[in-house]
Amino acid sequence: MFIVYLVLFLLGFYLFGLAFAIDSDPSGYIFVAGILSVSLAVALLIHLPSAADRAKR
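For reference, each letter of the sequence shown is one residue, going 1092 to 1148 in this note's numbering.
The reader is advised that the hints may include incorrect statements.
To be verified - Cβ-Cβ distance ranges computed for the label pairs, FRET-style: (1) Leu1101 / His1138: 15 to 25 Å; (2) Ser1118 / Lys1147: 36 to 46 Å; (3) Ser1141 / Ile1094: 34 to 44 Å; (4) Asp1116 / Arg1145: 37 to 47 Å; (5) Ala1146 / Ser1115: 22 to 32 Å; (6) Arg1145 / Tyr1120: 16 to 26 Å; (7) Ile1094 / Asp1144: 15 to 25 Å; (8) Arg1145 / Val1095: 27 to 37 Å.
No lab work stands behind these hints, which were simulated from the structure alone.
Since this is a predicted model, take the numbers as computed values, not measurements.
The C-beta atom is built at its ideal place from N, Cα and C for all residues, glycine as well.
Using the sequences plus the hints, can you model the full thing?
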């Protein structure tokens, strides 16, 4: 599962850079996609291990 977190996190940073590198109209959407990708990676990293612990009880 760590690989999924890492890929989402790095993809988000790639999208941040891509949004500033292009000069077209959807750069704002690309930047927001980067924010959402990093946020999802951090949320999954925090939430899923605790959910697995609760399922064992």
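ask   = Is it true that the C-beta distance of Ala1146 to Ser1115 lies inside 22 to 32 Å, as the hint says?
value = Violated - the Cβ-Cβ distance for Ala1146 and Ser1115, about 45 Å, lies outside 22 to 32 Å.
ask   = In this structure, is the beta-carbon distance linking Arg1145 and Tyr1120 contained in 16 to 26 Å?
value = 36 Å, violated
request  = Confirm or reject the claim that Arg1145 and Val1095 have a C-beta distance inside 27 to 37 Å.
outcome  = Hint violated: Cβ distance 20 Å, outside 27 to 37 Å.
query = Is the hinted range of 34 to 44 Å satisfied by the C-beta distance from Ser1141 to Ile1094?
reply = Once the Cβ atoms are compared, 20 Å apart, the range 34 to 44 Å for Ile1094 and Ser1141 is violated.
ask   = Does the Cβ distance between Ile1094 and Asp1144 fall inside 15 to 25 Å?
value = Once the Cβ atoms are compared, 21 Å apart, the range 15 to 25 Å for Asp1144 and Ile1094 holds.
task = For the range 15 to 25 Å, tell me whether the beta carbons of Leu1101 and His1138 fit it or not.
result = For His1138 against Leu1101, whose Cβ atoms are near 20 Å apart, the range 15 to 25 Å holds.
query = Do the Cβ positions of Ser1118 and Lys1147 conform to the proposed distance bound of 36 to 46 Å?
reply = For Ser1118 and Lys1147 the Cβ distance comes to about 45 Å; the hint holds.
ask   = Is the distance from the Cβ of Asp1116 to the Cβ of Arg1145 consistent with 37 to 47 Å?
value = 44 Å, holds
Hints 3, 5, 6, 8 from the list above are not met by this structure, while the remaining hints are.
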